[in-house]
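As given, the protein sequences belong to chains A and B, one line each in that order. Taking the numbering used here, the leading residue of the first sequence gets 135, the next gets one more, and so forth. Taking the numbering used here, the leading residue of the second sequence gets 140, the next gets one more, and so forth.
Everything labelled a hint here was simulated from the structure, so no lab data went into it. Take these hints with a grain of salt, some might be off.
Which bits of chain B does chain A cover? Going by a derived footprint, with three or more residues having C-beta under 8 Å, they are [as the list claims (entries may be wrong)]:
hint : stretch
1    : 156–162
2    : 167–181
3    : 196–202
Calculated cross-link-like contacts (lysine-lysine; reagent style BS3-like; alpha-carbon spacing at most 30 Å) [what the hints assert, rightly or not]:
hint : chain 1 : residue 1 : chain 2 : residue 2
4    : A       : 198       : B       : 177
5    : B       : 235       : B       : 179
6    : A       : 254       : A       : 198
7    : A       : 254       : B       : 235
8    : B       : 177       : B       : 242
9    : A       : 226       : A       : 198
10   : B       : 177       : B       : 235
11   : A       : 226       : B       : 235
12   : B       : 242       : B       : 179
For every residue, glycine included, the Cβ atom is placed at its ideal position computed from N, Cα and C.
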Amino acid sequence: MTTLNEMRLTVDSRSVNESYVRVAVSAFAAQLDPTVEEISDIKTALSEAVTNCIVHAYPDSVGKIHIHAQLFESGLVRVKIRDRGCGIPNVKQAREPLWSSVGGERAGLGFAVMESFCDKVRVRSTYGRGTLVTLEKQIQGRDYAV
Amino acid sequence: MPPDIIVTPISVTALLCGEIDHHSAAGMRKAIDDALRKSKPSLLRLDFARVTFIDSSAIGLVMGRYRLARELGSRVQIVNLNERFHRLMRLAGLEKLAQLTLKEQRLNA
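Here chain A stands alone, though its shape is the one from the complex (with noise of 0.2 Å):
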């Protein structure tokens, strides 16, 4: 697969920062020229990552959150999400829509969300030592949706 383009971004686990890698990632991407809804779709998966890093991976402490954006010429987005966060015990169980480890007003659908809104979602996670979610999604442009 020929790479287009690609990306680079760290950010603190803040969430004041949800928004500007959403905003960040979303107008990388918009050189393969996609839909509204597309860019949509690649915004809210982005967003239930990060937001998982800033809440999950480090609870009490500020840690580096790392993107890495590529665009293929087939028109697929590729965006990972790396962090050096405490890991996933059980990535299974995670991925369960409404299980969430912590209480209180997370809804526990981060990874449906990411599911939902993307074409493939890769999980890897080592307990202690941190997380890595790849994200792609196809884009068909705007040529396409009439």
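We have chain A already, so just place chain B on it with the hints.
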């Protein structure tokens, strides 16, 4: 941005605004809960007309307000959803907890 809140003798309407994510939801939560506790209305209406983005934090926001509203004996309506917000809320099964209403669109717009 904290929502504008309209209070009548029977209802509290929160006009939510801008992007709802984990960061912004906290401020919205407090404003709505304060109004709910103060006026114990029979109806809580969450209006999404001016909302531009939501992720699952908005689902958490709605679920949390639903719980408090139920404690206080209030019904919950979620109004002016666009197709996308509606899809997310249905993914969470919110239509079982509250009445969801889509935004009305002008045909001649």
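Taking the hints in turn, this is what the structure says about them:
With 4 residues carrying a beta carbon less than 8 Å from a beta carbon of chain A, the stretch 156–162 of chain B meets the three-residue requirement, and the given coverage holds. With a threshold of 8 Å between beta carbons, the proposed coverage of the stretch 167–181 of chain B by chain A is violated, since 1 of its residues qualify and at least three are required. With a cut-off of 8 Å between beta carbons, the stretch 196–202 of chain B has 5 residues touching chain A; three or more are needed, and the interface restraint holds. Taken as a hint, the residue 198 of chain A and residue 177 of chain B pair is broken in the structure, with Cα atoms around 41 Å apart against an allowance of 30 Å.
Between the alpha carbons of residue 235 of chain B and residue 179 of chain B the distance comes to roughly 22 Å, so the proposed pair stays at or under 30 Å and holds. In summary, the hint linking residue 254 of chain A to residue 198 of chain A is supported, as the alpha carbons are separated by about 24 Å, within the 30 Å threshold. Restraint check for residue 254 of chain A and residue 235 of chain B: the C-alpha separation of about 29 Å stays at or below 30 Å, so the hint holds. Note on residue 177 of chain B and residue 242 of chain B: the hinted pairing holds, with a Cα-Cα distance of about 29 Å set against a maximum of 30 Å.
The hinted pair formed by residue 226 of chain A and residue 198 of chain A meets the criterion: a straight-line CA distance of about 24 Å does not exceed 30 Å. Of the pairs offered as hints, the one joining residue 177 of chain B and residue 235 of chain B holds, with about 26 Å between alpha carbons and a cut-off of 30 Å not exceeded. A threshold of 30 Å between alpha carbons decides the hint, and for residue 226 of chain A with residue 235 of chain B the separation of about 26 Å falls inside it, so the pair holds. A threshold of 30 Å between alpha carbons decides the hint, and for residue 242 of chain B with residue 179 of chain B the separation of about 26 Å falls inside it, so the pair holds.
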